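> The chain contents come next:
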Amino acid sequence: MATRFDAVMARRGAIMRKALGMDYSEFELSPVAFDYERMMTAHGYSLDDIVGIQTRAGVGNTPLLELKNLTDLVRSISEAGKGARIFVKDEAANLAGAFKDRRASVSIHVAKEKGYEGVIAATSGNYGAAVASQAARNGLKCIICQETFDSRKVGQPEIVEKGRICESYGAEVVQMTVGPELFFHMVELLDVTGYFAASLYSSFGVSGIETLGLEISREMRALTGADPTHVIITHAGGGNTTGTARGLKRAGATSTQIVSASVDLSGLHMASDNDFNRKSFTTGHTGFGVPFATWPDRADVPRNAARPLRYIDRYLTVTQGEVFYLTEAMAKLEGLERGPAGNTAMTAAVSLARGLPRDATVVVQETEYTGAGKHHWSQLNFAKEMGVEVRAGDPKDNVPGKVIVIPEALEQIHANDFDVARMRKSYVRNALKNAPEGYAPTADDVVFLAADTNSDAAAVEALLAELKEA
Amino acid sequence: MTDATRAREGDWVEVECKLLDPADRSKNLPPETAEKPLMMWVKGFAQGEAGMGEELTIETMTGRKVTGALSAVNPGYFITYGNPIPELAHVGRDLRARLAAYRATEGPAGAAEGGDR
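Residue numbers (the working numbering), protein chains in the order written: chain A, -19 to 450; chain U, 15 to 131.
FYI, nobody ran anything at the bench for these hints, they're computed from the structure.
On a predicted model such as this, the values are computed, not experimentally measured, just so you know.
One or more of the hints may lead you astray.
[Unchecked claim] Listed below are the simulated EDC-like cross-link pairs for lysine to aspartate or glutamate, each with C-alpha atoms no more than 20 Å apart in a straight line:
no. : chain 1 : residue 1 : chain 2 : residue 2
1   : A       : Lys133    : U       : Glu28
2   : U       : Lys32     : A       : Asp(-14)
3   : A       : Lys312    : U       : Asp108
4   : U       : Lys41     : A       : Asp277
5   : A       : Lys48     : U       : Glu120
6   : A       : Lys62     : U       : Glu120
7   : U       : Lys79     : U       : Glu69
8   : A       : Lys(-2)   : A       : Asp277
9   : A       : Lys133    : U       : Glu49
10  : A       : Lys48     : U       : Asp35
11  : U       : Lys50     : A       : Asp(-14)
12  : U       : Lys41     : A       : Asp(-14)
13  : U       : Lys79     : A       : Asp277
14  : A       : Lys133    : U       : Glu68
15  : A       : Lys133    : U       : Asp35
16  : U       : Lys79     : A       : Glu147
17  : A       : Lys382    : U       : Glu28
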């Protein structure tokens, strides 16, 4: 007999089609390729329409702040002539406290327009608060499915806080133990309620982030006379990178380098009941960043709108201890007390700016709200309770899940380059693995794979030949 | 924590449900996860009376009826900031002193304008 899990998953395609209000099959071109740009614009909203939706929703137009104290400190540890100017978009100023409001505002607008009674999203992050807040404003019912607890019902303070804020906004929060079957239950709930799937990875949500890139370009031109030389983005599932980079391009900021940054959680298994509470970051980390970039279509939609390899120029990693240090520093130096996960890119920006000339400009494109649970002190106290060692020293000695090393000085912050070429290769391997066995990619597939990995046809051909050999 | 050990009709409560037995869980889970059931908790208004661990149906905020074992009455949120972190205590003082020292040698404008002096 089929289990409940198998029975729901077998009907997944049909349930999701109804819940997403759009049929993804019309974008498919082959077992490998699909029309990404057509999928992204099929909703019919112009960028101006989205700005309008967000303005009415209390979202966007967040302050762009120059961080003069941090910039000077970086210059104090840089070689002569080095030390780029650092800026931040204070996205915590959005209605529910994060850039995720940009995503949610468009999804909830669509749900309301299409006449759905409610919305469902699977998220343990700020996106839950954003969806719950926008649903409340629009009179829609809201269910948030959250991976909250280990098998002892112990929860990460950050996730427990995110559950609290969703309930504060009137959402029903379905809290679960560790495991990818969160998505099975979400599909089951979509089936019984008939609600809209406010997926993090739909084109509605990712389109909503494009306004962030647009604002950065416009505000930097007004402030400095030019687009930023670099925009650095905290990277998890890839939507933040994708949406921001698309918005920058649409604003004409074509020479701006796109740098993603994640916390290094290598060695921790994302579906492990033991590792679950031994990580201090529940988002913005490599545990999402790498698998989603190298295979975006593992998401809860047939085709993921978040395709970061199309846009990334560099991918930097930092350690948990470095981010906690910078989070403390931002409050004391810049009067910005914000959540640690959102400061991941800020931490990598210190390392990046140090190596750039003084006339370069680095925009850190988000902050997130903080508070009990979502505060670096809560996180570190919880880590200690979970048996993770917290000590001062050189961040090189950091071991995810075992030791959090807090730097003793700013110059110890050093972001590492993750090998983007290797990510492109794994992406191509995964694309082939997910096509029918023995499928031979066509010339059109090669063009698609080149676009999807921001490389060229010759490079993809070489990769395909190499994979065939192996 | 709340002291109440019984839910009365209309109370705001939490129930616990087992969604999947270990045998029915997704394949490819690490063993420490695969051997545990997938559990779920949700809050809502009690539709009757029950003691802790007893079966109870609730009505959630979306109006769904969910039946599970009563796990909390008037469940709270016990997240805190906790104590300051000793390893971070020096950060503000050190960096402010460094900034002041740097500006004393480089001039007060620092990064202020243009930045390419």
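> Evaluate each hint against the coordinates.
Structure-based check of each hint:
1. A:Lys133 with U:Glu28: holds (13 Å)
2. U:Lys32 with A:Asp(-14): Measuring from Cα to Cα gives roughly 16 Å; hence the hint holds.
3. A:Lys312 with U:Asp108: Distance ~10 Å between Lys312 of chain A and Asp108 of chain U Cα, so the pair holds.
4. U:Lys41 with A:Asp277: holds (19 Å)
5. A:Lys48 with U:Glu120: Distance ~14 Å between Lys48 of chain A and Glu120 of chain U Cα, so the pair holds.
6. A:Lys62 with U:Glu120: holds (14 Å)
7. U:Lys79 with U:Glu69: The hint holds at about 13 Å.
8. A:Lys(-2) with A:Asp277: Distance of about 19 Å is within 20 Å: holds.
9. A:Lys133 with U:Glu49: Roughly 16 Å between the alpha carbons, so the hint for Lys133 of chain A and Glu49 of chain U holds.
10. A:Lys48 with U:Asp35: violated (55 Å)
11. U:Lys50 with A:Asp(-14): Distance ~18 Å between Lys50 of chain U and Asp(-14) of chain A Cα, so the pair holds.
12. U:Lys41 with A:Asp(-14): holds (11 Å)
13. U:Lys79 with A:Asp277: Violated. Lys79 of chain U to Asp277 of chain A sits at ~33 Å, over the 20 Å cutoff.
14. A:Lys133 with U:Glu68: At roughly 18 Å apart (the allowed maximum being 20 Å), Glu68 of chain U and Lys133 of chain A satisfy the hint.
15. A:Lys133 with U:Asp35: Given pair Lys133 of chain A, Asp35 of chain U holds - Cα atoms ~17 Å apart, limit 20 Å.
16. U:Lys79 with A:Glu147: holds (17 Å)
17. A:Lys382 with U:Glu28: Judged against 20 Å, a Cα distance of about 33 Å means the pair is violated.
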